[in-house]
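Trainee: Quick note, the sequences are listed as chains A and B, same order. To convert, note that position 267 of the first sequence is 935 in this note's numbering; the numbers rise steadily by one, no gaps. To convert, note that position 9 of the second sequence is 82 in this note's numbering; the numbers rise steadily by one, no gaps.
It is worth saying that the hints were derived from the structure and are not from the lab. C-beta: ideal position from N, C-alpha, C; glycine also. Please note that a few of the clues may not be correct.
Covered stretches of chain A, as calculated for chain B (at least 3 residues, CB under 8 angstroms) [stated by the list, open to error]: (1) 808-817; (2) 835-841; (3) 870-877.
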Amino acid sequence: MVEFYLQLNPVVQGVLKGLAVILVIFPIGGACSMAERKVSAWIQGRPGPNRAIVPWVAWIPLVGTFLQRLGLFHVMADGGKMLFKEDALPGHVNKFYFVLAPIVAMIPALTTVTAVPFGAYLDSAGMVVPLVLANVDIGLLAVFAVSSLGVYSLILAGWASNSKYPFLGGVRASAQLISYELSMTLSVIPVFLWVNAPGMEPTMGLGRVVEFQSQPGFWGGAWFLFIMPVSAFIFLTSLFAETNRQPFDMPESEADLVGGFHTEYGAFKWGLFFVAEYAHMLIGSGVFTLLFLGGWNPLPWIPLATFVGWLSSILPIAGHPIFVGVLSITIFLTKVLAMIFFFMWVRWTLPRFRYDQVMEIGWKKLLPLAIANLLAYAVGIALLQS
Amino acid sequence: MGSLLFNVLALSTLIAAAGVVVNKNAVNASMCLLLSLVGVSGLFVALESYLLAFLLLLVYAGAIAALFLFIVMLLDTKGDARPTLHRLPLVARVLAVGLVGLGLVSFAVRGQLASSDLAKVPAVGASLKLYAYQLFTTYLLPVQILGFLLLIAMLGVIVLSKRFEGLEDIK
Chain A
669 MVEFYLQLNP VVQGVLKGLA VILVIFPIGG ACSMAERKVS AWIQGRPGPN RAIVPWVAWI
729 PLVGTFLQRL GLFHVMADGG KMLFKEDALP GHVNKFYFVL APIVAMIPAL TTVTAVPFGA
789 YLDSAGMVVP LVLANVDIGL LAVFAVSSLG VYSLILAGWA SNSKYPFLGG VRASAQLISY
849 ELSMTLSVIP VFLWVNAPGM EPTMGLGRVV EFQSQPGFWG GAWFLFIMPV SAFIFLTSLF
909 AETNRQPFDM PESEADLVGG FHTEYGAFKW GLFFVAEYAH MLIGSGVFTL LFLGGWNPLP
969 WIPLATFVGW LSSILPIAGH PIFVGVLSIT IFLTKVLAMI FFFMWVRWTL PRFRYDQVME
1029 IGWKKLLPLA IANLLAYAVG IALLQS
Chain B
74 MGSLLFNVLA LSTLIAAAGV VVNKNAVNAS MCLLLSLVGV SGLFVALESY LLAFLLLLVY
134 AGAIAALFLF IVMLLDTKGD ARPTLHRLPL VARVLAVGLV GLGLVSFAVR GQLASSDLAK
194 VPAVGASLKL YAYQLFTTYL LPVQILGFLL LIAMLGVIVL SKRFEGLEDI K
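Construct the complete structure from the given sequences, taking the supplied hints into account.
Mentor: See the structure below:
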């Protein structure tokens, strides 16, 4: 089967790999919507969704009730509703851009994944090789560039809806996303200054960042979260703003804008916005995990290679490349899902900022902090490496 | 296949660029501008200078065109109050035709590159290191001057847009 795959046209191989990744992202997006409702219920002391059930499953004595209480079938019910509901097109909208906006929302969300490595395997020489769709040396820059196009979906949705609340949402979205992009980009520069030590082939690839966090020794094995806590904080805050998550969900802001940019949307088109938001969160959490949480290394100061070494001393099969690949992807996905839980935790804990507060935090607090942080690390790294 | 991709991208970039000029609706024009920028960045990808491609996307397509759209939406221009062309002074017309003619002539005369040697040299934007090195050595002065120009432009915008009545704004 591996031989059959390798003899295919490279374009076909690429399409297959891309489809495989998308087929993972979509269900996780759906599962996240379920998790969001469950997490919010736990935090607010409610049972949460616990009614929907498929008849045949309900007949199984204990397991059926357990699955029902878990609320797993609400995902299917929600998905089915989204697909089969009438997809109404309001009469007062600009039809072309109204339909285009949700599609534009999906494109950057699914394109950015090409430059994000999501696992690693050990090659025959025992070197860790990252698993990534496109291993380009500008890695993170590509992620930032393509994800910055996501703002158009919000602007277009707000404008094409031709009504006041969506319009305000679209205007807020464009101002907010552009403002926080600055701090976000500035906050990751220290990481790459540190990673691109003199004498090495320079790269913006995320694989190298993880490689750097899996070196031996105290400083080598430390995750960048410990070495650069301020950068991590700025990046995380900007990530919340870029993905329109509370406390920064100004474009949506149910309390004052009804539904913000997607007020006029329903059914499948609304679902696309929804999945795009979770896909953005997934990619964002993935990038954060790679940059600051050690990527696919199981614990700080314990790199993947060491961990696999321990495992294979117990289980001989653990050294197999496929096993290592699956293990690294599992570790990475666990961290990403933990990050998504953190996103939800924050959403149901912090109240929403007011819009002027959002702008003030972005321009007057976060941006100066990011510049000061960059300068401090630039000087420090120059002194350390000279 | 590479040259086919290049030609298709070049054609769509040109069509989108023409759309920016022709469209009466300002939102359509901005979207055409976005398409054209994406097309140009696709051209850079086809030329294997990925850095320039993604910088173009990040700065122009991701931020500046979005700001254009933002302004257009804020002002809510309908595009019907367009000044008619025949009021242009004769000097401006002659100047415009002259400039376009000069551009075409210079393109015809000097636009051809000797394809043998130059094509083999990697573009400056091909790798990060090469690009950064050039930026901080050969092109240091132009970068500084451009930065200074942008600073002056920013100050000009602040002076022009801010009303200093009663001097309450500048405490």
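Trainee: For each hint, tell me whether it holds in the structure or not.
Mentor: Taking the hints in turn, this is what the structure says about them:
Beta-carbon proximity to chain B at under 8 angstroms applies to 7 residues in the stretch 808-817 of chain A; the threshold of 3 is reached and the given coverage holds. Only residues whose C-beta sits within less than 8 angstroms of a C-beta in chain B count toward coverage, and the stretch 835-841 of chain A has 3 of them, enough to reach three; the restraint holds. Figure legend: the stretch 870-877 of chain A, annotated as covered by chain B; annotation consistent (3 residues with Cβ-Cβ distances under 8 angstroms, at least 3 required).
Hint violations for this structure: none, all hints satisfied.
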